[in-house]
Amino acid sequence: MTEGLAKPVEQLSQVIVRFAGDSGDGMQLTGTQFTSETALLGNDISTFPDFPAEIRAPAGSLPGVSGFQVHFADFDILTPGDAPNVLVAMNPAALKTNIKDLPKGGTLIVNSDAFNDRNLQKAGYAANPLEDGSLDEYQLHSVPLTTLTVGALKGIEGVTPREAERSKNMFALGLMSWLYGRSIEPTIEFLESKFAKRPEIAAANVKALQAGYAFGETTETFAVTYEVKPAKLQPGTYRNITGNQALSLGLVAASKLAKLPLFLGAYPITPASAILEELAGYKHFGVRTFQAEDEIAAAGAAVGASFGGSLGVTTSAGPGVVLKAETVGLAIMLELPLVICDIQRAGPATGMPTKPEQGDLLMVLFGRNSESPVPVVAARSPSDCFDAAIEACRIALKYRTPVYLLSDAYLANGSEPWLLPSVDSLPDISTTFVTKPNDGESFLPYLRDEQTLARPWALPGTPGLEHRIGGLEKADRTGNVSYDPDNHDLMTRLRAQKVAGIVADIPELEVDDPSGDARILVLGWGGTYGPIAAACRRVRSDGRAVAHAHLRHLNPFPRNTGDVLRRYDRVLVPEMNLGQLLKLVRAEFLVDAVGYNRVRGLPLRAAEVAEAIHALAAQ
Amino acid sequence: MTLTAKDFRTDQEVRWCPGCGDYAILAAMQSFMPELGIERENTVFISGIGCAARFPYYMNTYGMHSIHGRAPAIATGLATTRPDLSVWVVTGDGDALSIGGNHLIHALRRNVNLKILLFNNRIYGLTKGQYSPTSELGKVTKSTPMGSLDWPFNPLSLAIGAEATFVARAIDTDKAGTSEVLRAAAQHRGSAFVEIFQNCPIFNDDAFAFVRDDKEGVNRIPLRDGEPITWGAGGEKALRQRSDGSIEVCSADEDGVLVHDASHEGAALAFALSRVTQDSLGGTPVGVFRNVERPVYDDLMAEQLATATAKRGEGDLDALLHSGETWTIA
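Chains R and W, in that order, give the protein sequences. Residues 1 to 619 (our numbering) make up the first sequence, in order. Residues 1001 to 1330 (our numbering) make up the second sequence, in order.
Incorrect hints may appear among the rest.
Below 16 Å or equal to it, Euclidean Cα-Cα: the simulated EDC-like pairs (lysine to aspartate or glutamate) are [what the hints assert, rightly or not]:
| hint | chain 1 | residue 1 | chain 2 | residue 2 |
| --- | --- | --- | --- | --- |
| 1 | R | K104 | R | D74 |
| 2 | W | K1175 | W | D1225 |
| 3 | R | K283 | W | E1265 |
| 4 | R | K259 | W | E1314 |
| 5 | R | K283 | W | D1299 |
| 6 | R | K229 | R | D74 |
| 7 | W | K1311 | W | E1293 |
| 8 | R | K398 | R | E450 |
| 9 | R | K283 | W | D1214 |
| 10 | R | K398 | R | E441 |
| 11 | W | K1215 | W | E1227 |
| 12 | R | K194 | W | D1316 |
| 13 | R | K259 | W | D1316 |
| 14 | R | K436 | W | D1214 |
| 15 | R | K229 | R | D428 |
| 16 | R | K229 | R | E450 |
| 17 | W | K1175 | W | D1150 |
| 18 | R | K283 | W | E1314 |
| 19 | W | K1142 | W | E1163 |
| 20 | W | K1237 | W | D1213 |
| 21 | R | K154 | R | E220 |
Chain R residues, not near chain W, derived (Cβ > 10 Å throughout) [said to hold, decoys possible]:
| hint | residue |
| --- | --- |
| 22 | K283 |
| 23 | I296 |
| 24 | E466 |
| 25 | V594 |
No lab work stands behind these hints, which were simulated from the structure alone. The beta carbon of each residue, even a glycine, is placed where N, CA and C say it ideally should be.
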């Protein structure tokens, strides 16, 4: 199909496309398929879906707009991009909510059929922007997508006019695929398998896709086509993956590596539900998923499973994690492994369920009664959720402790190519159960390992090791209930020492400072890795040295953290919250760090972080 | 080696108040456990918070004293992953019906293989005497000086409404009756719910005096499967079902005396029996109200795992990582 009318091909290094339309327009599917086509071409990619919490907000309304941004390039990229070069707007509302992000001169493709009086009115346009000259500064391509799609599908039997019209997203995808030289074959295969039970719908979608592609070739609207060459990525096998998928696979891998069955207790909540759904499909891996009656039961069942020798995990987002706090306290007291995944979203309360934030750091560190230390691990990119999940499980099992794993809505739904690890390269995180008395004839459930301070894990079913554990304070070694003042002081300190001691078992904080003469350090954690790293590249290309360090472990901090921070004149801490890590490093290391804080329910933009670095340097 | 009650005692000093009904239940449990023929190591007691919740500390089996109201949830995780264990939940009226009400009803409807023993004393004991969800309306306590405003739960009606497959009632001091009910509960595959009337001598003494001290059997209505439901000093009173499904008292020699059938498919009869109380009809049924078979949650889950493994083979991690669309860069 790429033969025929040859149009000039322009080389580009990178492109950022945003598909925007009504929630019912299929923009997420369009974006995902465009991403698949692009990944198979060998470009580096990064995606960011941005959609409302409402499943179907009123058609044509501003709150109902759903978007999907994909950034692809011939080099390694770090973020889905601050602003699109190309905006595909399926209706006036999509145009209205997204046009402010498109730089002047950017490419704008709109479905002109949707710009009728009713839709214009719903979007709050007094005049039709396609006709009043207000879009003159953009390269506007006004395409009657609906009419062209319906026309192309005439004659396919069994397809209603409504169904024909609904295929217009595939027409748009065909057009975009042509424009950027992507093969539509993978999408054809996808459609045929997705609609295998309704061949006429598959045929309609494939036809629309092909028609869109052919339209690009023949129309005079588009004079050139673009090419983005494959990126020079590390050799190996890749797949495109979202953070929630990677996290799910990480948990399955951890279960295999630990040789323990995985038990997931979860209650549906955005943006964590996809993990429950994904893991429910891995029963042949011995994975048990339990959709509990509430968040508390989800955590409780995971503790119960852990008591019985499973790898107990519970997944949620902030409003659910806060309900699990008491159970986490119990796991601290019992000293049983438990992994709590918090896929952070904008809050407080219900907040903005589909939008990312980093607002839960202080909650997971301190949101419990009394002295209750918990290790915290944070993922920094969609594919990194895999490694972060294994690391969280490793610590939980080795130290018999609950561990928080932090991700966020941006990592959860965003995607990037993932260089698949070989299974042999993954760490052995297997653990041992005690099977014999450990003190002469008797068993002491709280006799600790001298090095890790972890207690023995004796499973029900083991003869001779019958014992009772509980939430009441316990006597050292025996685990019997104890109200002795000195014992409580000792046990409190032991629990704290155990978690603090993990510092010897985690890597040092690495600093990225290519020139070696940076005077400013940017310190980040979790999902801001991409924007911060991209910002540092920009600052360096502007001729200014800057160092970047990114924390995976938030409790305990790596042992060299204080040294790293004190090595620089200024420390900038960008976060999607009002300064939570900032507060910690100031308190812990007495460093006069400054924050850069945005809580817009969107990932930080590389440009704004770069600006903040320059501004700090200028002070 | 044959186990005895002594083998089920721990070295921990039992710390309930003198005269507490929990002592009798503990003793009954310890002497009944050897009969079950389940090894100590395969038995687990899980409790929440409250006086009753100390129970696991006194049973020489595996045990966990957890958090308020959450024992059924924790036990669900254990029972679901370890079908080889006999898992018992010990709870109280506040723990099970107030703070943990949600977990109780969901464990029962799922039919998880758990034995749930609710020690009902109709008062909050450990927090020193506030009214509970089973306290009678108008109960004067420290938190209700003018009387409580809450209509109480009937625990058995609640359990039957929550789709429980085994529902029974016992009395703390009635060792033989309690053992009999516990034995039936232990033999039931699935969730078993047993309400045990338990006296709190400190904050709600004699709440169940009408049946605990009922030497003549004038108030207890024994439920025996396949037998007519009669009671009274000379067995002269009986229960009979009206055409609207409700139950009335009649004379034992009248026609239509109800013959007890705990395994009756429908829950209506058991529910009607649960409404027979000392207040409503001047008698209190004791024994197994309902005992029916239904697929067990843990078995169903294990079956799904087996089916998936048979169909797709045991999961291969490398294949899983490489699933979906992949591409290779040389």
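Quick rundown of the hints versus the structure:
1. R:K104 <-> R:D74: Between K104 (chain R) and D74 (chain R) the Cα gap is close to 24 Å, so the pair fails against 16 Å, i.e. violated.
2. W:K1175 <-> W:D1225: violated, 19 Å
3. R:K283 <-> W:E1265: Status violated; Cα separation ~33 Å.
4. R:K259 <-> W:E1314: holds, 14 Å
5. R:K283 <-> W:D1299: holds, 14 Å
6. R:K229 <-> R:D74: Distance of about 5 Å is within 16 Å: holds.
7. W:K1311 <-> W:E1293: violated, 28 Å
8. R:K398 <-> R:E450: holds, 13 Å
9. R:K283 <-> W:D1214: Given pair K283 (chain R), D1214 (chain W) is violated - Cα atoms ~54 Å apart, limit 16 Å.
10. R:K398 <-> R:E441: violated, 25 Å
11. W:K1215 <-> W:E1227: Roughly 22 Å separates the two Cα atoms, so the pair is violated.
12. R:K194 <-> W:D1316: violated, 25 Å
13. R:K259 <-> W:D1316: holds, 13 Å
14. R:K436 <-> W:D1214: violated, 49 Å
15. R:K229 <-> R:D428: violated, 39 Å
16. R:K229 <-> R:E450: violated, 56 Å
17. W:K1175 <-> W:D1150: Roughly 32 Å between the alpha carbons, so the hint for K1175 (chain W) and D1150 (chain W) is violated.
18. R:K283 <-> W:E1314: Satisfied, since the Cα-Cα distance of roughly 9 Å is no more than 16 Å.
19. W:K1142 <-> W:E1163: violated, 35 Å
20. W:K1237 <-> W:D1213: violated, 19 Å
21. R:K154 <-> R:E220: violated, 24 Å
22. K283: violated, 4 Å
23. I296: Incorrect as stated: the minimum Cβ-Cβ distance to chain W is 6 Å, not above 10 Å.
24. E466: Non-interface label on E466 (chain R) violated, nearest chain W Cβ at 5 Å vs cutoff 10 Å.
25. V594: holds, 40 Å
Consistency note: the structure conflicts with the earlier hints numbered 1, 2, 3, 7, 9, 10, 11, 12, 14, 15, 16, 17, 19, 20, 21, 22, 23, 24.
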